[in-house]
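Chains as they are written, first to last, in my numbering: chain A, 1 to 271; chain B, 1001 to 1218.
Read the hints as simulated data drawn from the structure, not as lab findings.
Take these hints with a grain of salt, some might be off.
Unchecked claim - Keeping only pairs whose Cα atoms sit at most 35 Å apart, straight-line, the calculated DSBU-like set for lysine-lysine is: (1) B/Lys1135 - A/Lys156; (2) A/Lys161 - B/Lys1208; (3) B/Lys1123 - A/Lys156; (4) A/Lys251 - B/Lys1208; (5) B/Lys1143 - A/Lys156; (6) B/Lys1135 - A/Lys93; (7) A/Lys156 - B/Lys1047; (8) B/Lys1208 - A/Lys93; (9) A/Lys138 - B/Lys1158; (10) A/Lys95 - B/Lys1208; (11) B/Lys1208 - A/Lys98; (12) A/Lys106 - B/Lys1208; (13) B/Lys1176 - A/Lys98; (14) A/Lys184 - B/Lys1123; (15) B/Lys1176 - A/Lys161; (16) B/Lys1123 - A/Lys95; (17) A/Lys161 - B/Lys1158; (18) A/Lys98 - B/Lys1047.
Said to hold, decoys possible - With the C-beta cut set under 7 Å, the calculated list includes, among others, these residues of chain A facing chain B: (19) Lys106; (20) Met109; (21) Phe117; (22) Thr121.
Cβ atoms here follow ideal geometry from the backbone N, Cα and C, with glycine treated the same way.
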Amino acid sequence: MPPLTDHHAATESNGRGTSEMITFEEVSKSWGDNHVLRSLNFHVAPGEKVSIIGPSGSGKTTILRILMTLETPDDGLVSIEREPLWDARGGAKPKETKQMRAICRKIGMVFQSFNLFPHMTAVQNVMEAPVQVLGMSKDDARERAQDLMELVGLSKHLDHKPPELSGGQQQRVAIARALAMRPKILLFDEPTSALDPELIGEVLAVIRDLALSADMTMLMVTHEMRFAEEISDRVVMFDSGRVVEQGPPHKIFKDPDHERTKLFLRAVLER
Amino acid sequence: MIWSNEYAIDILPVLLDGLWLTVRITLLGMGIALVLGLFVAVIRFLKIPVLSALFTFYVLFVRGTPLLAQVYAAFYVLPTYGIRFSALVTGVAVIGINYSAYTAEVYRAGIEGVPAGQWEAAKALSLPHRRTWAKIVLPQSIKTIIPVLGNYWVQMFKDTAILSAITVVELMQSAKTLANSDVRSLEPYTIAGIMYLVISYTASLLVKALERRYAPTH
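Let the hints inform the model, and build the full structure from the sequences given.
This is how it looks when you write it as structure tokens:
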């Protein structure tokens, strides 16, 4: 396991300076009157594990979807390793480009609803992108897929199709599938929200192991406060399209500065 | 008029010839409808400016006018503009094009039935567009598409009778010719009717089997 100090060094620089993995500069997005992002400035350093918390509909997921190019920002600049992914400064309408697709390959995403391909077996789900996108041979891709399935504790379910697996198992396959592309950045969009309570633990355990052992940058939208506290270098409180406050987990959870954060945490933790 | 077994057996070969042509028209026509319909559905789904609107109108137009009128127009009107094909070629083309508008709608429903999350997952994995269509979206829509297409196929088999209006000697036209020349309508039309019934009933059983095959898995 690489030393945790890496993360702390990254946190101190707070994404500023030369080592930036993800950069949002003055990014806005709205649907009609609903402003989901308001001139957002947000930085993530390489290897940093960041959790985004906040009420539903506050634009948290939109951050991930813009990074995944599933949404287009209305304004501002989004960069990955200082390369522009979206340049919508001055309200320009960016188009999808080859460069953008190349950058996107560095990013993997785990969805709330798993989104596995139901007609393929688990191992085929994990192999698909390495073969089709990276041009790996089927044998190599299968080997990588088997290793990853072992990593997420599903070696016995290689040839099962998603409908034959529990939600927790499906989400673990989805994590393996995202990892198969060896992404530099892994995004999690409420990865346990669609799960039955008794299945949440197994998925969190996999993510926890990744957070502690991999030098991947991780950005997670979650409602699992205790988990966010445990694995994050930094927690970002988000509301109404803005960052309310951010800082190390102990600070945000134990001694938040803002009334909005206090109210939110009281509401979620008292559930 | 009294049923004559002897006459019935006598005309059977002619009617079987007609049936065989009907079957071939249905196979060819459905081939055209399947390929052309998929093309139309994908273009419409991609929402390409002008082109998609054009195909939307195509579907509207073809479904909004009677097959018989289309067959007549293609066979009697187009030749005055120099577009002339044999009755059989015209008939197969028109019935294929006609059904492509219906199959396009079947494909559309099937494609739209694939959850948005599947597209998003494919994009998150950077899968190429063509691969996403061929291996992710279409295989999943097939479950809903196949049984409906099967029903249209059976319907097309019966609709080929309309081609008798432009002198294609398929089953209906064979029966009509016999009825006119021998001045006996009971046997030719009865046997033709039984042939249509047997084939379409058998085919509908097959479609039911397909429905069962594809329904429970997903």
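Violated hints - listed by number, lowest first: Of the numbered hints, 4, 7, 8, 9, 10, 11, 12, 13, 15, 17, 19 and 22 do not hold.
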